[in-house]
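All chains, full assembly: derive it from the sequences and hints.
Chains as they are written, first to last, in this note's numbering: chain A, 44 to 582; chain B, 44 to 582.
Don't read these hints as lab results, they were simulated from the structure. There's no promise every hint is true.
[Said to hold, decoys possible] Taking lysine to aspartate or glutamate and the EDC-like style, the derived pairs with C-alpha atoms no more than 20 Å apart in a straight line are:
(1) B/K467 to A/D452
(2) B/K415 to A/E325
(3) A/K512 to B/D510
(4) A/K415 to B/E325
(5) B/K303 to A/E229
Listed below are the residues making up each chain.
2 protein chains.
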Amino acid sequence: MNSKPILIYDTTLRDGSQGEGVSFSLNDKLNIAIRLAEVGVDFIEGGYPLSNEKDVAFFQEIRKRDLGKTKVCAFGMTRRKSMKAADDPGMQALVAAQTPVITLVGKTWDYHATEVLRVTLDENVQMIGESAEFLAKHSEVIYDAEHFFDGFKANPEYAIETLKAAASAGATWMSLCDTNGGSLPEEIAAITEHTIQSLADHNVEIGIHCHNDSELAVANSLAAVDAGATQVQGTINGIGERCGNVDLISVIANLALKKKGYTVLGGNSLKHLTELSRFVYETANLQWRNGQAFVGQSAFAHKGGMHVHAINKAAKTYEHIDPEMVGNERRILVSELSGRSNIVAVAAEHNLQDDRELMDKILAEVVRLENKGYQFENATASFNLLIKRIAGTFTPHFHPIKYRIVAGDRNSEETTVFAEAIIKLKVGETLWFDAAEGNGPVNALDSALRKTLLGTYPCLSDMRLIDYKVRVVDSGAGTAASIRVNIESGDQDETWGTIGVSENIIEASWRALVDSVEYKLHKENQPAEGNVPVENATA
Amino acid sequence: MNSKPILIYDTTLRDGSQGEGVSFSLNDKLNIAIRLAEVGVDFIEGGYPLSNEKDVAFFQEIRKRDLGKTKVCAFGMTRRKSMKAADDPGMQALVAAQTPVITLVGKTWDYHATEVLRVTLDENVQMIGESAEFLAKHSEVIYDAEHFFDGFKANPEYAIETLKAAASAGATWMSLCDTNGGSLPEEIAAITEHTIQSLADHNVEIGIHCHNDSELAVANSLAAVDAGATQVQGTINGIGERCGNVDLISVIANLALKKKGYTVLGGNSLKHLTELSRFVYETANLQWRNGQAFVGQSAFAHKGGMHVHAINKAAKTYEHIDPEMVGNERRILVSELSGRSNIVAVAAEHNLQDDRELMDKILAEVVRLENKGYQFENATASFNLLIKRIAGTFTPHFHPIKYRIVAGDRNSEETTVFAEAIIKLKVGETLWFDAAEGNGPVNALDSALRKTLLGTYPCLSDMRLIDYKVRVVDSGAGTAASIRVNIESGDQDETWGTIGVSENIIEASWRALVDSVEYKLHKENQPAEGNVPVENATA
Chain A
44 MNSKPILIYD
54 TTLRDGSQGE
64 GVSFSLNDKL
74 NIAIRLAEVG
84 VDFIEGGYPL
94 SNEKDVAFFQ
104 EIRKRDLGKT
114 KVCAFGMTRR
124 KSMKAADDPG
134 MQALVAAQTP
144 VITLVGKTWD
154 YHATEVLRVT
164 LDENVQMIGE
174 SAEFLAKHSE
184 VIYDAEHFFD
194 GFKANPEYAI
204 ETLKAAASAG
214 ATWMSLCDTN
224 GGSLPEEIAA
234 ITEHTIQSLA
244 DHNVEIGIHC
254 HNDSELAVAN
264 SLAAVDAGAT
274 QVQGTINGIG
284 ERCGNVDLIS
294 VIANLALKKK
304 GYTVLGGNSL
314 KHLTELSRFV
324 YETANLQWRN
334 GQAFVGQSAF
344 AHKGGMHVHA
354 INKAAKTYEH
364 IDPEMVGNER
374 RILVSELSGR
384 SNIVAVAAEH
394 NLQDDRELMD
404 KILAEVVRLE
414 NKGYQFENAT
424 ASFNLLIKRI
434 AGTFTPHFHP
444 IKYRIVAGDR
454 NSEETTVFAE
464 AIIKLKVGET
474 LWFDAAEGNG
484 PVNALDSALR
494 KTLLGTYPCL
504 SDMRLIDYKV
514 RVVDSGAGTA
524 ASIRVNIESG
534 DQDETWGTIG
544 VSENIIEASW
554 RALVDSVEYK
564 LHKENQPAEG
574 NVPVENATA
Chain B
44 MNSKPILIYD
54 TTLRDGSQGE
64 GVSFSLNDKL
74 NIAIRLAEVG
84 VDFIEGGYPL
94 SNEKDVAFFQ
104 EIRKRDLGKT
114 KVCAFGMTRR
124 KSMKAADDPG
134 MQALVAAQTP
144 VITLVGKTWD
154 YHATEVLRVT
164 LDENVQMIGE
174 SAEFLAKHSE
184 VIYDAEHFFD
194 GFKANPEYAI
204 ETLKAAASAG
214 ATWMSLCDTN
224 GGSLPEEIAA
234 ITEHTIQSLA
244 DHNVEIGIHC
254 HNDSELAVAN
264 SLAAVDAGAT
274 QVQGTINGIG
284 ERCGNVDLIS
294 VIANLALKKK
304 GYTVLGGNSL
314 KHLTELSRFV
324 YETANLQWRN
334 GQAFVGQSAF
344 AHKGGMHVHA
354 INKAAKTYEH
364 IDPEMVGNER
374 RILVSELSGR
384 SNIVAVAAEH
394 NLQDDRELMD
404 KILAEVVRLE
414 NKGYQFENAT
424 ASFNLLIKRI
434 AGTFTPHFHP
444 IKYRIVAGDR
454 NSEETTVFAE
464 AIIKLKVGET
474 LWFDAAEGNG
484 PVNALDSALR
494 KTLLGTYPCL
504 SDMRLIDYKV
514 RVVDSGAGTA
524 ASIRVNIESG
534 DQDETWGTIG
544 VSENIIEASW
554 RALVDSVEYK
564 LHKENQPAEG
574 NVPVENATA
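Set out below in structure tokens:
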């Protein structure tokens with residue numbers, strides 16, 4: 044049996060940008076579009092050219108790029124009531140976007156036509172037909188039937204009539220939208236099947252556009268594909284209004300790896316899903332969803348001792364797919380629940396796994412620190428140092444004596460914020476005392492620490508801070524609660540995470556900074572008292 | 044047609060606690076169990092009495108509580124190989140937990156029996172049968188068939204044989220587990236149906252236990268119910284290992300509000316789902332998942348201008364259910380995409396909606412601040428003050444002149460961390476200068492601010508900080524990036540959110556603190572120069 048191609052239509056840049064806390068710059072949009080084209084997404088909906096300047100600029104810029112087979116779509120609504128399509132500013136903006144595809148959205152649900160648009164049912168049908176006809180002269184037209192499933196449930200004949208108006212006017216795709224996200228898979232399957240039969244005389248293909256309000260968007264999209272839809276609309280990571288659009292990552296992975304008889308994207312695209320997911324999170328400045336299916340940081344993370352034990356024997360025992368198929372990786376977590384198996388897995392890297400007494404000590408210390416708010420799951424560098432400390436193989440490269448930060452606003456005409464740090468360290472027998480300014484107190488502390496050590500350890504020059512995260516551990520007590528700071532650092536070879544916990548955010552940050560620098564110095568095998576003879580040090 | 048009752052089995056306290064970053068104290072577990080019983084959950088799996096002291100203590104404590112019809116379950120594995128059930132420490136621990144129900148987990152998948160347990164297929168069947176028989180003398184036994192669906196796909200006869208061993212030995216429920224979360228709804232439906240037919244001679248009912256590794260856990264659970272399962276296992280908010288267990292919130296809401304022919308929980312329980320969800324997040328110290336179906340903060344949040352316009356006409360146009368049915372609420376968000384509709388909705392509270400020029404000014408300022416990293420979605424108090432400022436109705440109750448914080452560690456035998464803040468304010472014509480210590484710099488600043496103002500504005504005494512959150516807005520630049528601080532404050536009547544953004548975490552916190560206090564003073568209608576005559580002020 045031949046595989047049936049299912050086309051992927053991404054609307055991260057348009058419907059996704061409706062998500063709470065999501066805001067893309069023009070450059071963000073261009074970067075995401077280029078990535079989407081690289082993985083072979085078939086359609087990219089770039090924006091709503093009537094709504095803002097940024098989207099207009101996007102369409103101007105994206106025309107200059109070679110996106111291969113990927114088609115860019117401009118999105119807009121049917122013409123306004125009592126106006127010719129050609130005279131409508133929305134229609135004109137869609138044409139002016141000069142995209143190979145225009146996606147036209149119209150009303151399917153009789154209630155929406157009469158109560159929201161305030162037009163007769165007939166005029167709504169005319170608005171759809173005339174808009175599609177006008178746009179089809181310029182580009183391929185995908186017709187998005189808003190509220191299709193709710194509309195069909197309310198008035199099936201009318202819902203089909205609106206589709207026929209678009210199809211007869213030259214639209215080539217009918218995209219059926221579960222706009223409110225409230226439908227069940229069995230409803231999606233039955234209505235999609237009925238719709239395909241009703242449009243048998245029209246030369247159109249069917250798309251599906253689901254939202255996740257009932258946590259069924261992936262199942263609904265797959266149900267529509269099984270019923271005959273050949274295009275799936277959604278967003279990367281499922282970002283979007285309310286509970287989001289369907290997550291295309293899950294749709295693609297399920298179609299490619301689980302369902303039988305379909306092809307999707309092409310080439311090596313699957314292996315780039317994890318990278319694509321994280322790129323979109325970072326660009327949108329959203330936190331990764333650790334538990335995200337297939338690509339989440341926790342998707343192949345193993346914590347329970349029993350599971351870790353089994354994973355070491357055979358990965359498929361607790362993994363539904365090989366994480367590498369989607370570019371993800373297996374992680375063994377450190378936690379009080381994990382028992383000896385996890386500690387052994389990490390300790391094996393230090394060749395310590397046969398020392399039972401040492402393993403017990405490490406486990407006890409992990410439990411003690413976890414009770415204080417530490418979590419080593421994203422702080423493997425701190426965990427590595429912890430193991431070294433307990434094993435007695437840790438050799439400190441410097442001894443913090445004290446630090447102090449001062450921050451405030453200067454009392455001048457225009458308020459100026461400042462932050463300064465002073466630190467005192469000992470390297471070998473030499474005392475160092477230095478200070479630095481920064482944008483904020485943690486940045487000042489970081490600068491002071493590295494400035495002070497750089498002469499002794501020049502390898503610190505290629506180290507940089509990548510991310511800084513703060514979490515209130517017990518949020519019940521407001522600003523007096525414990526603060527957990529995670530710092531991610533990197534050099535040209537790798538990135539590493541460290542952690543600090545304290546009631547004082549400065550102290551928590553300081554601990555994470557010190558660990559980060561120590562980790563770097565350990566991995567570079569720096570001698571504990573520095574590269575510079577002590578007598579040459581200038582304090 | 045009579046409705047068929049579907050029982051809800053919660054394993055938040057056991058399988059949920061395997062989730063990354065999840066760690067419950069004994070008290071947490073007791074509090075969650077009591078809440079679960081209050082909403083009428085049928086079974087609560089409390090823990091694994093062999094694994095740790097905390098779970099043993101949980102079963103001792105929970106026995107003293109009246110949980111109504113809710114049954115507590117202790118969870119454990121089949122007896123070890125080459126050992127009598129009665130002699131196995133795991134079996135003994137289960138009996139010692141003295142729970143009305145014991146949940147026994149055993150291996151279904153031939154591969155797991157031979158490769159992980161390292162027993163023959165026959166011995167695995169004996170282990171299941173003998174364990175169930177031993178436990179059934181003490182409690183009702185639910186048999187959890189681990190990897191049931193993967194096991195069935197590999198060797199269907201053997202998978203059914205393991206179930207029959209448990210059923211013949213006295214287990215009353217067969218819970219079919221998609222342990223690796225990799226199955227599709229159509230597979231779950233077909234295998235569940237086949238299993239029910241195969242067990243027709245046994246007096247057992249069927250449960251379903253899904254994981255979300257393919258983002259299909261809700262659809263899979265519903266598919267099993269349609270195929271005849273009458274118990275659904277899962278966790279609140281879907282917390283759990285890897286991608287989590289099925290979210291019982293979505294299962295319950297879909298069964299009660301979407302599917303036909305089933306009853307679930309009872310009474311007014313649905314209305315408590317949002318509260319329950321948030322209680323579990325807070326207790327587990329996890330961040331809320333804003334886009335969570337039904338109960339998320341964004342689940343009924345409307346951002347797009349077009350949508351907000353329609354929502355104002357009729358809620359069902361963009362909402363699949365009435366949010367109140369699950370105890371949630373509608374929110375109108377403020378954002379650059381929202382256009383005039385959203386601003387009008389919020390401004391209407393200030394009776395400003397008819398002033399077009401003012402609306403334009405507010406919109407422009409929101410866009411400007413959003414570009415700097417502000418997000419007013421969780422900072423409605425700051426947004427209210429912003430509107431007042433632009434409308435000219437803001438009357439500052441105090442003028443910050445300067446602040447300074449100092450934090451560091453004292454240079455004594457034992458390291459002591461300290462934080463101090465000094466601030467200078469003007470109230471009316473009076474200058475105030477004061478200082479305070481705190482656990483950290485933000486706490487010190489907060490204390491100093493309120494200490495300084497309390498004499499003038501005694502109403503501040505009933506205000507408290509509830510939560511403090513920090514977000515790096517541009518995480519690419521490490522500690523030099525912009526910092527967004529959100530503070531949630533409250534008094535006996537309400538809670539409110541404020542925001543501050545700066546490269547300096549102290550400055551960002553200061554702005555959010557100042558807004559929080561100003562909001563409180565505005566809502567209490569405090570006179571701008573305080574309640575105390577200026578001449579009585581002591582600086």
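- Going through the earlier hints one by one, which of them does the structure break, listed in rising order? none
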